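Protein chains in written order, with this note's numbering: chain A, 1 to 229; chain B, 230 to 533.
Please keep in mind that the hints were generated in silico from the structure rather than gathered at the bench. No false leads were mixed into what you were given.
Derived DEER-like restraints, expressed as beta-carbon distance ranges: (1) B:LEU505 / A:ALA158: 53 to 63 angstroms; (2) A:SER8 / B:LEU513: 50 to 60 angstroms; (3) B:LEU513 / A:SER23: 49 to 59 angstroms; (4) B:PHE420 / A:SER8: 42 to 52 angstroms; (5) A:SER23 / B:LEU531: 30 to 40 angstroms; (6) A:GLN99 / B:LEU531: 15 to 25 angstroms.
Here are the simulated lysine-lysine pairs, BS3-like style, with alpha carbons at most 27 angstroms apart: (7) B:LYS340 / B:LYS391; (8) B:LYS284 / B:LYS340; (9) A:LYS81 / A:LYS206; (10) B:LYS244 / A:LYS95; (11) B:LYS278 / B:LYS329; (12) A:LYS110 / B:LYS244.
Only a predicted model underlies this, so the values are computations on that prediction, with no experimental measurement involved. Every residue, glycine too, gets a C-beta built ideally from N, C-alpha and C.
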Amino acid sequence: MISISQVSKSYRGAPRAALDDISIEIDKGEFVFLVGASGSGKSSLMRMILREDLPTSGSIHVLGENLVGIPNRRVPHFRRKLGVVFQDFRLLPNKTAAQNVAFSLEVIGKSAGFITEAVPEVLRLVGLEDKANSLPSELSGGEQQRIALARAIVNKPAILLADEPTGNLDPATSEGIMALLDRINLAGTTIVMATHDRGIVDRGRKRVVELSQGKIVRDERSSGYGLER
Amino acid sequence: MRFSFVFSEMGIAIKRNLSMVISVILVTFISLTFVGTAGLLQQQIVSMKTYWYDKAQVAVYLCTKTSPQDVCPQGEASKDVQNTVTGRLESKTLAPYIDKYYFENHQQAYKTFQKEFKDNAVAKYVTPAQLNETFWINLKDSNQAPIIIESFNGLSGIEEVKDQRTYLDQIFSMLNIASLAAISIAGLMLFSAVLLISTTIRLSAVMRRREIGIMRLVGASNFYIQLPFILEGVVAGVIGSLLAGGAIFAIVQFFVQGFLAESLPFTSFVGISDALALLPGLVLVGAGLAAIAAASSIRRYLRV
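So that you can see chain A by itself, here it is in the shape it has in the complex (with noise of 0.2 angstroms):
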């Protein structure tokens, strides 16, 4: 589903590899946690993974697309079998909780009575159908959190990425998100989520894949968050 093999990232005027020979393979239906510091590298990894950055030397295979190979107006079509949600929601502001969803289906082109299918179902999955009219400034940080998700998964995504989903929300609100995740999961998406929140990880006893400085220092399954260090 995911296979990263031997790939290194290194920008240009900084002192050390962002990634430095990474190999992981991650198959399909998995739920993995990538934990580390700041600056471990998580990002870059999320960013190669949904092909918004390429790598200095490697290959990235993701869904069968060779994402080092592949030609740039492919690109597009890749992502849309993935799903991307981030800390800052990222949502439209003048658009309502509905209309956040529908834009996605929109721009890539989606019928008008298919949208009028997939979302209010997707509201109703992630718990939010009567907010559908709300604007994001009107609804609580987990309920935008709710409604991106809402968007990354209404087209029905192999692989969700989640990139500190729950970095912006409090505790209790961060298991409200993560239940979710775990049905999204359960339904046979793929997440890759990178987070810094211990209790979520010890909690979750999921395959937990540790980066330190662009390595890969710890990959196991079942796993906790780790050392305090």
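Let chain A serve as the given structure and place chain B on it in line with the hints.
Relative to the frame of chain A, chain B by itself:
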């Protein structure tokens, strides 16, 4: 492809960026008005050229008593000179080129002169003897004037052979310079329109960077992302060129047909149909330039 969505996105972009869009419309409007005016002026020059060149005559001026000594050493041209010229004009070599010709003697020349310079002081001092007796020749094809000039130049008793087109050429070259000036101004204005469109589109892209970011994340194709921006530029360009078309219609209707044509009744001027023929070209230039400028500036902004 959902056009209603693309158009509503474009509408939002134009509303948010209204003052810049208006400035694009105005600059396109003014520059294309110059382009159109220059085009009409060129058409006017061409039609006046055909009209006046056909009327232009070749004049064979015979010597008078007062002609300069070095050209006319024998003074006033004799009857023989007149006969020689008539003979040559009727000859097999020249006759095929000539439509018609007539001879103007001193008295006739004096009458014409008095009529043309009625209010001028010089009319009082000129005597019939000072004015050249002249053969006025209308050619079948005014381009063949050199043949006539060639065959009479240097003949004794002839002061000068003159092609009237040389006078017209001066007027036309002045009109040509005016239309060239209009074209250069139009070129400069079009260049600034292109720069303004690029800036406007880039500003629009900055204002909508959240939307663009999300579009890229969810896998909208580049074409789909770019289309509203390109359309924003094209709409402004088309409105500007339509305004320019309107201005050119107004110029033709009220200035050329309403004023010039009435004060100079025997000249054929460009009309509404000429302006109409120009309109598609103007719209094409306006829309095309806007599309190219918008597409190239947005492309640099939106790499995958």
